[in-house]
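Student: Adding 101 to a residue's 1-based position in the sequence shown gives its number in the numbering used here.
Hint data in this document are derived by calculation from the structure and do not stem from the laboratory.
These figures come from a predicted structure and were not determined experimentally.
Treat the hints with care, as some may be off.
Pair ranges (Cβ atoms, derived) [as the list claims (entries may be wrong)]: (1) E109 to D158: 12 to 20 Å; (2) E154 to F129: 28 to 36 Å; (3) H131 to S165: 13 to 21 Å; (4) A140 to L160: 27 to 35 Å; (5) N133 to S165: 16 to 24 Å; (6) H104 to D158: 17 to 25 Å; (7) R136 to L163: 29 to 37 Å; (8) T146 to S118: 28 to 36 Å; (9) D155 to H104: 17 to 25 Å; (10) R148 to A105: 14 to 22 Å; (11) S120 to R141: 15 to 23 Å; (12) A116 to A140: 15 to 23 Å; (13) L161 to H104: 26 to 34 Å.
We treat Cβ as the ideally placed atom computed from N, Cα and C, and that holds for glycine.
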Amino acid sequence: AHHAGLFETLRTFLAQSGSWKRTADELFLHVNTVRYRIARVEELTGRDLSRLEDQVDLLLALHSL
102 AHHAGLFETL RTFLAQSGSW KRTADELFLH VNTVRYRIAR VEELTGRDLS
152 RLEDQVDLLL ALHSL
């Protein structure tokens with residue numbers, strides 16, 4: 102269940118072009134929760150979501166699921 106929240110947060114974060122606030126608003130979360138979840142995704146994947154290349158790689162990976 103926890104990973105489902107990470108997937109949904111990542112999907113929304115990428116769809117919102119990396120906007121913490123828009124992601125939080127769409128998911129009805131506090132911005133700090135979004136930041137924590139994205140940091141967790143980065144930790145689990147070894148990717149840096151401030152890098153466009155890593156955003157694209159993860160977006161493509163999500164679309165292939």
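Student: All hints are to be evaluated individually against the structure, with a verdict given for each.
Tutor: Now the hints, each set against the structure:
1. E109 to D158: 12 to 20 Å: Between E109 and D158, where Cβ atoms are some 18 Å apart, the hint holds.
2. E154 to F129: 28 to 36 Å: Holds - the Cβ-Cβ distance for E154 and F129, about 30 Å, lies within 28 to 36 Å.
3. H131 to S165: 13 to 21 Å: With Cβ atoms ~30 Å apart, the hint is violated.
4. A140 to L160: 27 to 35 Å: 18 Å, violated
5. N133 to S165: 16 to 24 Å: 30 Å Cβ-Cβ, so the 16 to 24 Å window is violated.
6. H104 to D158: 17 to 25 Å: 18 Å, holds
7. R136 to L163: 29 to 37 Å: Hint violated: Cβ distance 19 Å, outside 29 to 37 Å.
8. T146 to S118: 28 to 36 Å: Violated, at about 19 Å.
9. D155 to H104: 17 to 25 Å: Holds: the Cβ-Cβ distance is about 19 Å, inside 17 to 25 Å.
10. R148 to A105: 14 to 22 Å: Given range 14 to 22 Å: holds, Cβ gap about 19 Å.
11. S120 to R141: 15 to 23 Å: This hint holds: roughly 18 Å between Cβ atoms.
12. A116 to A140: 15 to 23 Å: 19 Å, holds
13. L161 to H104: 26 to 34 Å: 19 Å, violated
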